[in-house]
Amino acid sequence: MSFHPEHELHTRRKGRNSAVGLLLGGFVVLVFAVSIVKLSQPQSEDTHAPNYVTPSQVSE
Amino acid sequence: MTDATYTDTREYEAQFGDYVELLKPRVMRLVIFTAAVGLFAAPSAVHPVIAFASILCIAVGAGASGALNMWWDRDIDAIMKRTAGRPIPSGRIQPNEALAIGLTLSFLSVMMLGLFANLAAAGLLAFTIFFYAVVYSMWLKRATPQNIVIGGAAGAFPPMIGWVVATGSIGVEAVLMFLLILIWTPPHFWALALWRNEDYKAAKIPMLPVTHGTRVTRRHILAYTLVLIPIAIAPAFTQIGGSLYFGVSVVLNLIFLWGAVHLFRRNDEDTVVDDFRAEKRFFAFTILYLFLHFVTLLVVAALRAYDLHLGSFPVWF
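The listed protein sequences derive, respectively, from chains A and B. According to the numbering used here, the stretch in the first sequence is residues 1 to 60, in order. According to the numbering used here, the stretch in the second sequence is residues 61 to 377, in order.
If you're looking for bench data, these hints aren't it; they were derived computationally from the structure. Just so it is clear, CB atoms sit at the ideal spot from N, CA and C, and this is done for glycine as well. Incorrect hints may appear among the rest.
As the list claims (entries may be wrong) - Residues of chain B placed beyond 12 Å of chain A at every Cβ, according to the derived structure:
1. R142
2. L200
3. T227
4. N257
5. K264
6. G273
As the list claims (entries may be wrong) - Quick list of simulated restraints, FRET-style, between CB atoms:
7. V109/B <-> R16/A: 25 to 35 Å
8. L23/A <-> H107/B: 44 to 54 Å
9. R16/A <-> L179/B: 29 to 39 Å
10. V194/B <-> Q41/A: 33 to 43 Å
11. S40/A <-> P155/B: 43 to 53 Å
12. L23/A <-> R89/B: 15 to 25 Å
13. Y72/B <-> V31/A: 32 to 42 Å
14. P155/B <-> R16/A: 15 to 25 Å
15. K14/A <-> P85/B: 16 to 26 Å
16. A138/B <-> H10/A: 29 to 39 Å
17. L23/A <-> D335/B: 40 to 50 Å
Using the sequences and the accompanying hints, generate a full structural model.
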C-alpha cells in the first residue's frame with residue numbers, strides 16, 4: 001500500500017504544510033536576493049569574495 | 061514498520077501557530093527591534109537586503125534559543141500559571157519536537173548570518189544562543205537568585221550583534237547598548253517577581269524575593285537603578301548619541317529613579333492595601349524606559365542619515 005495522496009493526514013496537516021512551504025519559498029527568495037546584492041557590490045574591496053580581483057589584475 | 065502502516069494516535073495535531081509560539085514571538089519582537097537599532101545606529105551603512113536578512117537570522121536564532129529554553133523548562137513551566145499555557149506543557153507540541161526545532165534553527169540561523177553578514181556576528185549569535193539555552197536555562201536559573209542578572213546578558217546581545225553585522229567589530233557604543241539592557245534587566249524582572257512570588261515559589265525557582273525576601277529585593281532594585289543611570293546616559297557622549305538622546309535619557313532616568321526609591325520605601329503591608337499597584341506600574345514603566353531609549357537612538361541615527369544635527373554635543377567615548 002502506497003502513501004496515498006488523499007491520506008487523511010494530508011487534510012489534517014494542510015495548513016501546517018502550506019505555511020512550511022511558504023517559509024521555504026521565502027527562504028529561497030531571501031538567499032537569491034542576498035546573492036544578487038553581494039555579487040553586485042564592488043568585489044575588489046572585499047578580499048574574501050570568491051571573485052576578488054587585485055588592483056594590479058584590474059590594470060592588466 | 062513502514063510509512064504505509066503509520067498511524068498517529070495523538071488527538072491534537074500541532075498547528076503552525078503552535079510552532080511559532082514555541083519561538084517566543086514576543087521576545088523575538090524585542091530582539092528584532094534592538095538588533096535593528098544596533099545595526100542602523102552603527103556608522104557603516106548596510107545594504108537594506110543584507111540588513112533585513114541579518115536581522116531575520118538574529119530573530120530566528122533568538123527564537124531557537126526560546127524553543128530550547130521551553131524544552132528544558134517544560135517541568136517548571138507546567139507548574140507556573142504564567143507559563144502553563146505554553147505549547148509543551150499544554151500538550152500541543154512534543155518535547156522532542158521542540159528540541160529538534162531549537163537545534164535546527166540554531167544551526168541554520170548562525171550559519172546563514174555568517175554567510176549574509178560576517179563570521180564575527182555569527183559567532184556572537186552562536187554564543188548568545190549557548191548563553192541563554194545552556195548557561196542561563198540549564199545552569200543558573202534554578203541554581204542562584206542572581207539568575208536574572210546573568211540571564212539578562214542573553215537579552216542584551218542582539219543590539220551588539222546588529223552593530224557587528226554593520227561594522228564587523230565591537231565598539232564602545234555596542235558595549236554601552238549591551239550594558240544598558242544587562243543592568244536594566246534585574247530591576248525589571250525583580251519588580252515582576254515581587255508580585256509573581258507565589259508562582260516562582262511553587263516552581264522552586266530561586267528568585268530573589270523567594271530566597272531573600274522582598275526587603276532585600278527592593279534594596280537590590282534601587283542599587284541596580286543607581287548603576288543603570290550613568291550607563292543609560294553614557295551613550296549620549298558617543299557618536300550614536302547627542303543632545304536629543306541626552307535629554308530623553310535624563311528624563312527617563314529621573315522617573316526610573318523616582319520609581320525605584322518609591323518601591324524601596326514601600327513594604328509588604330502597602331502591597332496588600334493596593335494590590336502591588338506601584339510595583340506593577342514600575343514594571344510597566346521599565347518596558348517603556350528601554351523602548352524609548354532605543355527609539356531615541358533610532359531617531360538620532362535617522363536624523364544623522366539626513367544630515368540633520370541638533371547642535372554640537374561632546375563625544376567623550
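Hints, verified against the model:
The beta carbon of R142/B is kept farther than 12 Å from every beta carbon of chain A, the shortest such distance being approximately 27 Å. In this structure L200/B is separated from chain A by more than 12 Å, as the shortest Cβ-Cβ distance comes to about 33 Å. Every CB of chain A lies more than 12 Å from the CB of T227/B, the least distance being 15 Å, so the non-interface label holds. In this structure N257/B is separated from chain A by more than 12 Å, as the shortest Cβ-Cβ distance comes to about 39 Å.
No beta-carbon of chain A is positioned within 12 Å of the beta-carbon of K264/B; the least distance is around 36 Å. Listed as a non-interface residue, G273/B keeps its Cβ farther than 12 Å from every Cβ of chain A; the least gap is roughly 47 Å. A hinted range of 25 to 35 Å for the beta carbons of V109/B and R16/A is consistent with their spacing of about 29 Å. Between L23/A and H107/B, the C-beta spacing of about 23 Å breaks the proposed range 44 to 54 Å.
For the pair R16/A and L179/B, the supplied restraint of 29 to 39 Å holds, since their beta-carbon distance comes to about 34 Å. One distance hint, 33 to 43 Å for the beta-carbon pair V194/B and Q41/A, holds here, with the actual separation near 36 Å. In this structure the hint that S40/A and P155/B lie 43 to 53 Å apart at CB holds, the actual value being about 45 Å. At about 18 Å, the beta-carbon gap between L23/A and R89/B stays in the expected band of 15 to 25 Å.
Restraint check, Y72/B to V31/A: a C-beta distance of roughly 34 Å satisfies the suggested window 32 to 42 Å. The given range of 15 to 25 Å is respected by P155/B and R16/A, whose C-beta atoms sit roughly 19 Å from each other. A beta carbon spacing of about 23 Å between K14/A and P85/B agrees with the range 16 to 26 Å that was offered as a hint. At roughly 32 Å, the beta-carbon separation of A138/B and H10/A lies within the given 29 to 39 Å, and the hint holds.
Between L23/A and D335/B, the C-beta spacing of about 43 Å keeps the proposed range 40 to 50 Å intact.
In summary, the one numbered hint that this structure violates is 8.
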